[in-house]
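Novice: Chains as they are written, first to last, in UniProt numbering: chain L, 1 to 123; chain F, 1 to 123.
No lab work stands behind these hints, which were simulated from the structure alone. Remember, predicted model here, so these are calculated numbers, not experimental data. Treat the hints with care, since some could be wrong.
Since the list gives no way to pick one copy over another, a pair counts as held whenever it fits inside one copy or between any two copies.
Unchecked claim - Here are the simulated lysine to aspartate or glutamate pairs, EDC-like style, with alpha carbons at most 20 Å apart: (1) Lys62 x Glu23; (2) Lys106 x Glu89; (3) Lys86 x Glu51; (4) Lys106 x Asp19.
So you can see what is in the structure, the chains are spelled out below.
There are 2 protein chains.
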Amino acid sequence: MKLHPADSIAVIFCAQRTDMDHEAYAAAAAVMSNLAAEQTGYLGQDSSRSEDGLGITVSYWKDDAAAKAWRDHPVHSAIREQGRGKWYESYTLHVARIERSYAWAKSGIGEKSGIEENSMPYG
Amino acid sequence: MKLHPADSIAVIFCAQRTDMDHEAYAAAAAVMSNLAAEQTGYLGQDSSRSEDGLGITVSYWKDDAAAKAWRDHPVHSAIREQGRGKWYESYTLHVARIERSYAWAKSGIGEKSGIEENSMPYG
């Protein structure tokens with residue numbers, strides 16, 4: 001959860017999980033998250049999953065070339081095939097260009113204490 | 001979870017909840033979701049929340065004017081103030097323009113059975 005500059009790319013991945021193979025999925029998801037973070041142009045990600053198995057992961061990239069390079073990464077591609085075979089009922093993926101960003105936090109909370117209470121336009 | 005056309009707007013709201021007032025929050029969230037769906041230019045939303053309180057809601061809008069009209073809706077504005085006071089530790093919001101979308105589903109699953117197994121570029 002942080003701000004990203006205007007013109008960076010958000011890849012919005014929404015997936016409905018199957019009810020199988022949870023441990024292997026969690027292991028693969030952790031590997032993917034760490035591997036993504038090592039890629040050139042990676043800016044960060046936000047991820048959440050409801051108990052009913054609906055998950056959203058948004059990864060942020062410096063530009064579209066970086067997002068496409070991650071899409072085409074051989075390890076990512078192999079894990080995606082596994083996901084289609086076992087872990088996902090369905091998913092959607094939206095690739096979008098950030099136009100503006102805001103952040104808000106209660107004051108005085110750890111590292112976020114510097115953010116003011118009003119929304120802060122970034123880009 | 002559905003495809004949206006190129007040039008539509010995704011509003012990515014990532015929020016860390018406080019550990020208080022869960023019932024009132026859930027009621028307000030339901031009201032907001034239903035009210036958003038009645039707005040001109042609303043295309044849909046995806047939402048998930050992890051047990052640790054991190055939630056992501058992505059709402060999709062026909063254009064930026066529709067997204068801004070929802071931002072400025074008086075009921076939405078009032079609920080946002082309540083959220084800052086009680087329900088959220090912090091949040092980020094990214095407004096992004098969709099460049100391309102894909103959907104994938106296992107074949108034969110209810111209404112999604114018409115979607116082919118390969119990713120389908122939309123916009």
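Novice: Looking back at the numbered hints, which does the structure fail to meet, lowest number first?
Specialist: Per hint list: single violation, 1.
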